[in-house]
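Colleague: Sequence:
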Amino acid sequence: MNNTFMQKFIEIAGRIGSQRHLVAIRDGFVATMPLIIIGSLAVLINNFPAFGSFSIVDILNNIFGDGNWQTVGGSIWNATFAVIGLLISFTIAYNLAKSYEVDGLSAGLISIASYIMLVPVTEDFGLNMNWLGTQGLFVAIIVALIVTELFRLLIQANITIKMPEGVPEGVTRSFAALIPAMIILAFVGLFQAIVSVFVEISVFEVIFNLIQEPLQGLGNTLPAALVVAFLNHLLWFFGLHGTNIIGSVIEPVYLPLIEQNANLFQQGMSAFDVPNIVTKPFLDSFVFMGGSGTTLALLIAIFIVIRREKNHPYREVAKLSAPAGLFNINEPVIFGLPIVLNPVFLIPFIIVPVTLTIISYFALSWGLVPKTVAIVPWNIPPILSGYLVTGGSVKGIILQLVNLTVAILLYVPFVMAGVRAMKEKMGGQ
Numbered sequence: 002m003n004n005t006f007m008q009k010f011i012e013i014a015g016r017i018g019s020q021r022h023l024v025a026i027r028d029g030f031v032a033t034m035p036l037i038i039i040g041s042l043a044v045l046i047n048n049f050p051a052f053g054s055f056s057i058v059d060i061l062n063n064i065f066g067d068g069n070w071q072t073v074g075g076s077i078w079n080a081t082f083a084v085i086g087l088l089i090s091f092t093i094a095y096n097l098a099k100s101y102e103v104d105g106l107s108a109g110l111i112s113i114a115s116y117i118m119l120v121p122v123t124e125d126f127g128l129n130m131n132w133l134g135t136q137g138l139f140v141a142i143i144v145a146l147i148v149t150e151l152f153r154l155l156i157q158a159n160i161t162i163k164m165p166e167g168v169p170e171g172v173t174r175s176f177a178a179l180i181p182a183m184i185i186l187a188f189v190g191l192f193q194a195i196v197s198v199f200v201e202i203s204v205f206e207v208i209f210n211l212i213q214e215p216l217q218g219l220g221n222t223l224p225a226a227l228v229v230a231f232l233n234h235l236l237w238f239f240g241l242h243g244t245n246i247i248g249s250v251i252e253p254v255y256l257p258l259i260e261q262n263a264n265l266f267q268q269g270m271s272a273f274d275v276p277n278i279v280t281k282p283f284l285d286s287f288v289f290m291g292g293s294g295t296t297l298a299l300l301i302a303i304f305i306v307i308r309r310e311k312n313h314p315y316r317e318v319a320k321l322s323a324p325a326g327l328f329n330i331n332e333p334v335i336f337g338l339p340i341v342l343n344p345v346f347l348i349p350f351i352i353v354p355v356t357l358t359i360i361s362y363f364a365l366s367w368g369l370v371p372k373t374v375a376i377v378p379w380n381i382p383p384i385l386s387g388y389l390v391t392g393g394s395v396k397g398i399i400l401q402l403v404n405l406t407v408a409i410l411l412y413v414p415f416v417m418a419g420v421r422a423m424k425e426k427m428g429g430q
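Quick note on this note's numbering: the sequence shown kicks off at 2 and runs consecutively.
One thing to keep in mind: the hints can contain errors.
Stated by the list, open to error - Calculated lysine-lysine pairs in the DSS-like style (CA-CA distance at most 30 Å, straight line):
| id | residue 1 | residue 2 |
| --- | --- | --- |
| 1 | 424 | 311 |
| 2 | 424 | 320 |
| 3 | 163 | 99 |
Just so you know, the hints here were simulated from the structure itself, not pulled from any lab data.
Model the full assembly from the supplied sequences, consistent with the hints where possible.
Modeller: And the structure:
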């Protein structure tokens, strides 16, 4: 590969990965991930499958009455996934403001207030909850970024109320944000009035129809999933954190898709019948087993190929990396083997996840395996994760085992080639 092109690619990807606004979006989603996972697991528990004649749901219904206990999970859902747009409007604004070293708390609060101002109201003058969740994600991102930039400019222009020395810091910050908040909220209110008069639908509906819905439709396709898998691993090969770099782009697209699946599953729809195939759990559980590159399969392939040479460098790295690899932490093998800038492993590191994406997509689209209906913590080991994300289906486990087997078979010849290359190199010294 041409060195000039490679250096240019690394430079551009590095700039994208460190771009202030993309980092704020990524960190904003990361901050809400615990709540997203809790809300998703609440839905999963509410609809937990029976093990033969043993049913947790039946037992709980007998204790608390039919469905009464499920109100707990429903309340958790309403406080997490159902208002994720509102939460994101705060977390992105907070992180972006902190990157500028201005008051993140004030920026986040003003962003939330602005977001709520734009939410359509129902006939009884209540907020339309449909737009507080994932359907409002793109508006949340746009509002957070614009409001924070305006807040920063007003603060840096000293359009603030100065408090005398000796006033508590919290009071000083509050008064410093007063005039910027007043200006920003007045601007948002004026914008909302103009949109209502001339467009006659809310800005949420405009953004959803023009941007979010088309992107979600595109994201739920095999070509889009292949692009994500390819770019993620190409960036990792050059030593760049592919997951972080593309995370700020794919999270707003894939989070609404899993939310829709989970919501329908909560309402009683089968995991086979929910509409969306490609979601973040789809990639995390069926493609990125052991981490990016399905490196759990690579570790197994190393143990298969190198059985006799107990002190072989590959085997030593694999032994050290295996415990972390079971929990999808693969930096030890990526940088220890290494995979980064190692031409021997370039092809399998990219081909394996692309192949598994194709297998998994058709397994779900043909109805052989239930679609994903829950988000689980990213460090849940394979087998358990496959069971949970499919709503408690053994078929999710079977797909993971099939994918691991395919990945191992693909990695084995390249491990053998790497071992030969290492022997030749050592023999020539």
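Colleague: Now tell me, hint by hint, if it's right for this structure.
Modeller: Going down the list of hints, with the structure as the test:
| no. | hint | verdict |
| --- | --- | --- |
| 1 | 424 / 311 | 15 Å, holds |
| 2 | 424 / 320 | 20 Å, holds |
| 3 | 163 / 99 | 21 Å, holds |
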